[in-house]
Amino acid sequence: MLKGIDPILTPDLLKVLAEMGHGDEIVIADANFTAASLGSGKPLLHLAGVGVARAVEAVVSLFPLDQDVAQPVAYMQVSHQPDGWRSALQRHVISDLAAQGHALESQVAAVERFAFYERVKQAYAIILTSELQPYGNFILKKGVISEPLAG
Numbered sequence: 001m002l003k004g005i006d007p008i009l010t011p012d013l014l015k016v017l018a019e020m021g022h023g024d025e026i027v028i029a030d031a032n033f034t035a036a037s038l039g040s041g042k043p044l045l046h047l048a049g050v051g052v053a054r055a056v057e058a059v060v061s062l063f064p065l066d067q068d069v070a071q072p073v074a075y076m077q078v079s080h081q082p083d084g085w086r087s088a089l090q091r092h093v094i095s096d097l098a099a100q101g102h103a104l105e106s107q108v109a110a111v112e113r114f115a116f117y118e119r120v121k122q123a124y125a126i127i128l129t130s131e132l133q134p135y136g137n138f139i140l141k142k143g144v145i146s147e148p149l150a151g
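In this text, residue positions in the sequence shown follow full-length UniProt numbering: the first is 1, and each later residue adds one.
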């Protein structure tokens, strides 16, 4: 246990988050996500008993989202629903990110399921949660942790 660190963040996950560089992406996925096959060769971390919203909250408590891209947050679009439709979980996560000042709603992109899978293949790591709501999958792009530029 460490003071000031969210207790759901495991030592292995803390190591991965620290290793990630600016622009690297991490996937936070539901329990049904095909993490083992899509994540071949990359760190796969399990957060048993933790849902996606809670995992997102913990991760963004330690690193900023990339402000050099238009949409540093992506989620898997629900198949067979009209454009713009979001599940309760998706709405909850997006609302929390905005309320906490991490990302505006306009900085969150819906990504078609198979395009999402392709993007996952380029991610740095995958966190597999115990979330049971389908399509509860997000990608977060890490930003820069820095001091102000000296002139």
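Derived by calculation from the structure, the hints in this document are not laboratory data.
All C-beta atoms, glycine included, are put in the ideal place defined by N, C-alpha and C.
Take these hints with a grain of salt, some might be off.
Stated by the list, open to error - Derived PhoX-like pairs: lysine-lysine, alpha-carbon spacing no greater than 25 Å straight-line: (1) 15 - 121; (2) 15 - 3; (3) 3 - 121; (4) 15 - 42.
Unchecked claim - Okay, the calculated beta carbon distance ranges per label pair: (5) 36 - 149: 21 to 31 Å; (6) 36 - 150: 38 to 48 Å; (7) 5 - 149: 37 to 47 Å; (8) 68 - 91: 18 to 28 Å; (9) 12 - 117: 16 to 26 Å; (10) 105 - 150: 14 to 24 Å; (11) 23 - 115: 32 to 42 Å; (12) 115 - 151: 37 to 47 Å; (13) 117 - 145: 38 to 48 Å; (14) 83 - 151: 38 to 48 Å.
Against the structure, the hints:
1. The suggested pairing of residue 15 with residue 121 holds, with an alpha-carbon distance near 20 Å, which does not exceed 25 Å.
2. Using a Cα cut-off of 25 Å, the hinted pair residue 15 and residue 3 holds, with the two alpha carbons roughly 16 Å apart.
3. Between residue 3 and residue 121, the direct Cα distance comes to roughly 34 Å. Violation of the 25 Å bound is thereby established for this hinted pair.
4. Distance hint between residue 15 and residue 42 is fulfilled; the C-alpha atoms sit about 13 Å from each other, no more than 25 Å.
5. For the pair residue 36 and residue 149, the beta carbons lie near 42 Å from each other, so the given range of 21 to 31 Å is not met.
6. Range check, residue 36 to residue 150: about 46 Å between beta-carbon atoms, so the 38 to 48 Å window is met.
7. Taken as a hint, the range 37 to 47 Å is violated for the pair residue 5 and residue 149, whose Cβ atoms sit roughly 28 Å apart.
8. At roughly 26 Å, the beta-carbon separation of residue 68 and residue 91 lies within the given 18 to 28 Å, and the hint holds.
9. Take residue 12 and residue 117: their Cβ atoms lie about 24 Å apart, and the range 16 to 26 Å holds.
10. Distance hint check for residue 105 and residue 150: the Cβ-Cβ separation is about 34 Å, which falls outside the suggested range of 14 to 24 Å.
11. Taken as a hint, the range 32 to 42 Å is violated for the pair residue 23 and residue 115, whose Cβ atoms sit roughly 19 Å apart.
12. Taking the beta carbon of each, residue 115 and residue 151 are about 42 Å apart, inside 37 to 47 Å as hinted.
13. A beta carbon spacing of about 29 Å between residue 117 and residue 145 contradicts the range 38 to 48 Å that was offered as a hint.
14. At roughly 45 Å, the beta-carbon separation of residue 83 and residue 151 lies within the given 38 to 48 Å, and the hint holds.
The structure does not agree with the numbered hints 3, 5, 7, 10, 11 and 13 stated previously, though it agrees with the rest.
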